[in-house]
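The listed protein sequences correspond, in order, to chains A and B. Residues in the first sequence are numbered consecutively from 1, following full-length UniProt numbering. Residues in the second sequence are numbered consecutively from 1, following full-length UniProt numbering.
It is worth saying that the hints were derived from the structure and are not from the lab. Don't take every hint at face value.
If several chains are the same, the list does not tell them apart, and a pair holds so long as it fits within one copy or across any two.
No farther apart than 25 Å at their CA atoms in a straight line, the calculated lysine-lysine pairs in the DSS-like style are these [stated by the list, open to error]:
hint : residue 1 : residue 2
1    : K369      : K158
2    : K273      : K104
3    : K154      : K121
4    : K145      : K158
5    : K372      : K104
For clarity, every value in this text was computed on a predicted model and none was experimentally measured.
Number of protein chains: 2
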Amino acid sequence: MAANTISLSISSTVTSQKTLHSLQNRGGLIPPPTLSFPKSSSSTTRSRVRAGPIQLMNEPAKRSMATTPPTIVEVDLGNRSYPIYIGAGLLDQSHLLQRHVHGKKVLVVTNERVAPLYLDKTIHALTIGNPNVTVESVILPDGEKYKDMDTLMKVFDKAIESRLDRRSTFVALGGGVIGDMCGYAAASYLRGVNFIQIPTTVMSQVDSSVGGKTGINHRLGKNMIGAFYQPQCVLVDTDTLNTLPDREMASGLAEVVKYGLIRDADFFEWQEKNIEALLARDPAALAYAIKRSCENKADVVSQDEKESGLRATLNLGHTFGHAIETGFGYGEWLHGEAVAAGTVMAVDMSYRLGWIDDSIVERVNSILKRAKLPTTPPESMTVSMFKSIMAVDKKVADGLLRLILLKGPLGNCVFTGDYDREALDATLRAFSKS
Amino acid sequence: MAANTISLSISSTVTSQKTLHSLQNRGGLIPPPTLSFPKSSSSTTRSRVRAGPIQLMNEPAKRSMATTPPTIVEVDLGNRSYPIYIGAGLLDQSHLLQRHVHGKKVLVVTNERVAPLYLDKTIHALTIGNPNVTVESVILPDGEKYKDMDTLMKVFDKAIESRLDRRSTFVALGGGVIGDMCGYAAASYLRGVNFIQIPTTVMSQVDSSVGGKTGINHRLGKNMIGAFYQPQCVLVDTDTLNTLPDREMASGLAEVVKYGLIRDADFFEWQEKNIEALLARDPAALAYAIKRSCENKADVVSQDEKESGLRATLNLGHTFGHAIETGFGYGEWLHGEAVAAGTVMAVDMSYRLGWIDDSIVERVNSILKRAKLPTTPPESMTVSMFKSIMAVDKKVADGLLRLILLKGPLGNCVFTGDYDREALDATLRAFSKS
């Protein structure tokens with residue numbers, strides 16, 4: 001059997017930036033066609049995503065949290081479509097959850113940090129006025145380093161010991177790690193049961209809870225094992241952000257910035273004006289950022305559920321970021337922190353390729369710094385660590401690493417394997433030790 | 001949180017068989033509607049399944065194994081449709097496999113018993129005249145007791161270490177355990193890659209390789225963790241049966257008998273005439289039994305891929321059988337041996353309910369005994385072991401255990417939770433210790 005190698009050419013010379021701009025692809029591999037994605041137009045968004053406050057009660061909306069109707073963003077996936085409910089106090093509106101629970105048994109999957117804060121409230125919302133439903137729960141250790149098979153097995157153990165059948169519903173209560181693990185457990189348990197996402201971090205509310213990507217990490221790579229599996233609904237109660245640590249708050253904003261960069265320049269410009277308000281947890285600013293992020297995500301996922309092209313653009317900065325998470329140790333940096341540094345690296349490479357103006361480089365650096373996010377990888381990361389981990393990235397196809405890079409005016413990106421390898425090398429050398 | 005209990009009522013009195021025939025359902029639970037499935041008509045089969053020898057070469061068919069065209073049974077699942085190729089010497093017809101390999105890397109998943117026999121041949125078939133493809137392989141320990149998460153992780157380890165990307169193809173080379181594990185690994189690796197089934201046992205050729213059920217066991221229940229995930233093709237080379245141990249041979253026939261009982265009386269009658277020929281590995285008899293079994297399976301799966309009703313009928317005898325496999329220890333009995341004893345129990349219960357004639361009971365016992373299969377569970381199985389394991393069966397819905405039972409003339413069955421609990425108790429008592 002032939003040895004398998006990934007082509008990530010290692011250049012032994014430093015090439016000046018100017019030269020790089022005019023370099024042609026010398027890799028010798030025939031790359032797949034570049035997919036180019038222009039800035040989203042409002043009309044496109046509007047045609048695929050139905051968003052807006054929907055009056056669920058007959059009385060006029062009050063300021064009381066318990067009765068404010070949610071904003072609803074619909075993820076349009078045919079018979080697997082589902083709503084994202086966004087608003088303050090939604091965990092007090094038990095009908096929102098209960099309408100999506102089929103069967104008589106629910107398993108809430110949460111972690112040690114979230115359980116004391118919101119587990120009782122969630123169980124109350126699931127069971128009040130609904131005596132036929134019984135709720136079990138499993139409380140996992142907190143953190144990315146537990147997003148593994150051993151921890152996943154605890155969910156299966158609990159489900160089987162509780163005799164949950166095919167009509168049961170799994171509920172993910174927590175951040176991205178909990179959502180990904182609970183979703184994959186739901187996809188696999190008895191070959192698939194219903195599940196509901198209740199994201200409690202900015203990261204999960206604006207990104208990971210929407211779109212059906214579920215999975216766990218392998219010691220050699222992030223999210224290597226999983227499934228595309230859509231929830232019945234996503235319930236975003238923005239009140240849960242009141243208990244979120246500052247570092248987690250900032251981490252989630254890295255994904256908010258991403259939507260602006262890849263497809264929504266207006267949103268990026270809004271963020272430039274409002275980043276401090278977001279960090280200060282201004283409710284109106286947060287609600288807008290979450291809604292607009294979910295609209296962007298829902299629009300992309302509706303067009304490309306299984307990531308054959310467009311959806312990959314949501315991974316701007318993630319290939320570099322995953323390498324940081326894997327190489328530096330799961331949980332040392334938060335996902336959004338790694339994505340922030342990875343985004344700066346992707347933007348740097350886009351500039352080296354001559355694909356974007358330097359003003360974009362500066363604006364990205366500036367907004368991420370204002371968001372208190374790192375803009376360089378940890379010092380311990382080396383060029384060879386980046387290369388070996390990036391070689392097993394899910395976007396590698398037939399040995400060719402494809403990346404999401406910015407190209408053109410703000411809000412435009414490409415997903416491509418057709419780039420000069422020396423630009424990648426130069427970026428890696430600029431941001432890490434040899 | 002309320003305790004979860006499964007309703008499997010325990011009767012303290014022995015009821016005579018005659019009384020049982022007229023008993024009504026006293027469970028107090030409202031059962032889901034009974035699904036009744038009449039014997040399949042040829043016309044239905046013909047409309048859903050396209051079967052028949054297809055001439056793949058211009059020259060007339062010769063007796064040479066290498067050039068005999070395969071019989072093809074198509075599994076009709078829209079854009080996930082795929083062919084089952086059946087014939088002698090198909091591993092020598094490399095174009096059959098190669099047309100279904102996309103991407104440049106293949107991972108063959110096999111076991112310690114099959115690898116020395118067929119791994120080189122399979123790699124040859126995948127690579128001859130196809131220099132762009134590299135093949136890796138992972139050799140797992142043999143047996144149902146290794147169908148677990150620890151063993152599955154070895155497949156992921158190998159895939160990641162070999163840097164297999166999303167365009168890779170996994171190939172399952174072996175029996176049902178290998179097919180189920182490789183299929184689930186393929187469903188989960190990078191959230192899904194292509195896979196091909198090369199079943200090498202009767203059990204896997206007539207049943208488990210077809211229809212996309214994949215998964216692993218949990219110590220508390222069989223196939224509790226998995227996915228519905230369809231292969232690109234199934235390649236049944238009947239020559240591989242030449243190396244199959246007698247006990248494995250007989251085990252597979254339990255599933256062949258099943259198709260006759262649930263939907264194909266003509267096939268059952270053919271088996272009654274040919275069971276000794278099948279055991280003696282008569283090539284023509286085997287080819288016919290495999291083709292007809294695959295046609296039945298393909299027809300059912302095409303109509304109900306995710307087992308919302310009809311497909312469950314393929315589990316005749318399996319609820320009792322899974323309890324034997326789990327309770328007696330994975331691997332102590334072969335799957336088909338447990339299914340054979342389970343089928344006798346399901347038939348006994350059907351008779352106690354007054355749903356079938358005693359001649360069917362006798363014919364089922366007779367054919368299974370002639371096939372050298374057990375017709376009673378292991379002596380160590382107790383009534384309470386059966387009940388506790390059956391309570392976590394995947395066919396339990398909202399606490400109610402649904403079973404596949406025969407009803408009416410030969411070739412007819414029902415999938416129902418609407419049966420007298422005392423008939424189930426009586427069957428369990430008749431076949432196991434209290």
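Exercise. Taking 25 Å as the upper bound on the Cα-Cα distance, should K273 and K104 be classified as within, between, both, or neither?
Worked result: neither (47 Å within a copy, 48 Å between copies)
message = One pair to classify: K369 and K158, alpha carbons no more than 25 Å apart. Within, between, both, or neither?
response = Close neither inside one copy (43 Å) nor across copies (40 Å); limit 25 Å.
Within a copy, between copies, both or neither: where do K145 and K158 come within 25 Å Cα-Cα? Both: 21 Å inside a chain and 21 Å across chains, each within 25 Å.
- Between copies, within a copy, both or neither: which fits K372 and K104 at Cα up to 25 Å? For K372 and K104, neither the intra-copy (45 Å) nor the inter-copy (43 Å) Cα distance is at most 25 Å.
At most 25 Å between alpha carbons: which applies to K154 and K121, within, between, both or neither?
within (23 Å within a copy, 40 Å between copies)
In this structure, the earlier hints numbered 1, 2, 5 are contradicted, and the remaining ones agree with it.
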